[in-house]
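Visitor: Take these sequences, add in the hints, and give me the full structure.
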Amino acid sequence: MTDKSKFGFETRSVHAGAAPDPTTGARAVPIYQTTAYVFDDVDHAASLFNLQTYGYIYSRLTNPTVAALEERVASLEGGRGATGCASGHAAQMLAFFALMEPGDEFLAAKRLYGGSITQFGRSFQKFGWNVRFIDSDDPENFRRALTPKCKAIFVESLANPGGVVTDLEAVSAIAREAGIPFIVDNTMASPYLCRPIEWGADIVIHSTTKFLSGHGNSMGGMMVDSGRFDWTRSGRYPSLSEPEPAYHGLRFHETFGDLALTVHGHALGLRDLGAAMAPLNAFLTLTGTETLALRMERHCANAQKVAEFLEGHPAVAWVSYAGLKSSPYRALAAKYLPRGAGSVFTFGVKGGYEAGVKLVEGCELFSHLANIGDTRSLIIHPASTTHRQLSDEQRAAAGAGPDVVRLSIGIESVDDIIADLDQALQKGA
Amino acid sequence: MDHEHYTDEYIAGILRQTKTIAMVGASPNWNRPSYFVMKYLQGKGFRVIPVNPRAAGEQILGETVHASLAEVPVPVDMVDVFRASDAVPGIVDEAIAIGAKVVWMQLGVRHDAAAAKAEAAGIQVVMNRCPKIEFGRHSGELSWGGFDSGIITSRRTRKVQS
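Chains A and B, in that order, give the protein sequences.
Just so you know, the numbering used here puts the end of the first sequence at 429, numbered straight through with nothing missing.
Just so you know, the numbering used here puts the end of the second sequence at 162, numbered straight through with nothing missing.
Only part of the chain B face toward chain A is listed, based on derived beta-carbon distances under 8 Å:
no.	residue
1	31
2	36
3	43
4	107
5	136
6	141
7	143
8	146
9	147
10	149
11	150
12	154
13	155
14	156
Honestly, the hints are just simulated from the structure, not real lab data.
All residues carry an ideal CB built from backbone N, CA and C; glycine is no exception.
Guide: Encoded structure:
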C-alpha cells in the first residue's frame, strides 16, 4: 500500500514506528509500563472489544512500546504488520495457531534451531499438529512431501547452528503452487542481510532476542505478515476466513483484509496463548535495532576473518561458513546474503566430543552460553547443550554432531577474537 | 492520477477537507466491515449517512438510511463505495449529479473508466483503499496495532489529527 522504498533501511532502523510521543514530545519511545488503558465510555470500550476501532485494552494484547517495535520490524522486513511476543518460540506458536487445525501437517526443513525441532516434533503433537522434516538442500523434496493436509512450509533463511543457506525463491515457488503459506525464520540473517518477503515468504519469524535486540539483554519474538496471502481462496484456513465465534461471527480476512493475520495474532493469539512481550524488552530491542546495520556489517566482517583463520588451523577438521570459498552454500549466500553470510557458524574440532568440550572450556574472551547474536563473541558445543535433547540421528541431521562447535562472532577487535580461539585450540590439542 | 500509489498529501488532504460522507452499501449488521468503518469515522467527527435501498428508512448508528444518493438531504463531500466494482459507474453518475467532491472506493473496489469520468467532472478519486485504515495511518492510530504505516516523522503533529 505504502511506498516502502521512500526511506532507506538505515533510516527505517532508527525511525520506523517511533514518531515523537504526541502528548509529551518525548523523542525516544517511552516505556509504557502499564497493564491496562482507560476507556472513554462504555461505547468506546465496546468498539475496542469488537475490534471496530484502534486502541489499547490490556497489555497482553497490545502495548504502545511493543507496537512501536512491531511497526519497526514490519518496516525493516517489508511486511504489512507484525505481532510481538515473548520469544521466537512464542512467535512460531502464534503463526501455527492461526494456520493449523488438529490433524493438519506442515513441512519444515531438517536443519533448524534444535529448540524448534523439539517444539515442532514434540510439543506441537499435543495440539494434533504434525510436522515432517525435509532435507531442504533439494527444494523439490518439499514438493514430493506435500499432502492434502499440509498447511505450510517452514524454513530458516540462514539455518542454525550455521553455514546453511536455504534456496528461498525455489521453496516459495513450491509453496505458492501448493496454495500454502511459506514461513521463514530470519533470525540468523536479520533483515539487514536478507528480507525473505522479497523472495516470496508470506510470514517471517524472528527471535528478536538475537541480532535485532543485539546486546544479549532482552527476550522477544516477532511474527511478521507480508499481507499477501489470500486466506479465503482455498477455504483451508478457517481461523482467518470463517466466522469467529469469540468475536460474534466476525471473519478476520474479510473484515481486515491484508491486516488480518496481524489482528488475529493480537486479538486471538496473544489473547488466548498469553505470551506477550514485556514493554521494557520492546524498548531495549528498539534501541538495538537502531544500530542493526552497523552491527551486522562488523559481525559479518569479523566472522569472515575468523572463519578463514579456523579453516587454516591444524586443530580444525572443517569449517561450515557460507562466506568461505569452500562452502557448498557460497552461491546461495551470494544470492540471498550479498552483504555477508552472518556471524553464526559451526566448525569441527579434531578429536570429536572431548576436544569440543575442552575448546569451549578453554576460552577466556568467548562466553560459553546458549544464545547467539550478541555484541559479545559466544561459543557452545551443541551436542552437549542446545541439541542435547535430540537423538544422535537428529543431531547429525541438524548439523550438530559430536565434534561440532558453534560460534556467534561478536563485534570485539577481531584480533582478540582470533587470539582467544587460537589459545583455546592449543590447550585442547 | 496514479491510482496504484497515492501521495500521503493527496490522501491526508481529502481526509482533512471532508466533513460529510455518504456510505453506499452501508450495512445495518454490526459485524460487517462497513459498520466498523462507519462507526470509526463517526468517532473521528465525520457525519456518515448510510445509503442502501434494501435498508431504506432503517437507522444505522443514529442515521437514517436512504435508498439512493439523490435522496440524501444534505450536501455530501465524499461518496464511500462499499459495493462491488461493477456497481461503480452508476454510483459515479449519481455522485456527479449531487455535486460530491470525492469518490472513495473501498479495498478491492476499482473501476478505472468510472474513475476517469469522475475526475473529468472535477471529482477526486481514491480506489482500493479504506478510509478507516488511511485515517489511522495518518493520525498514528494504525501503528497502535503493529502495522507498518510507512510514515516517518520527527514532528509531534500529524497530517491528520484524531
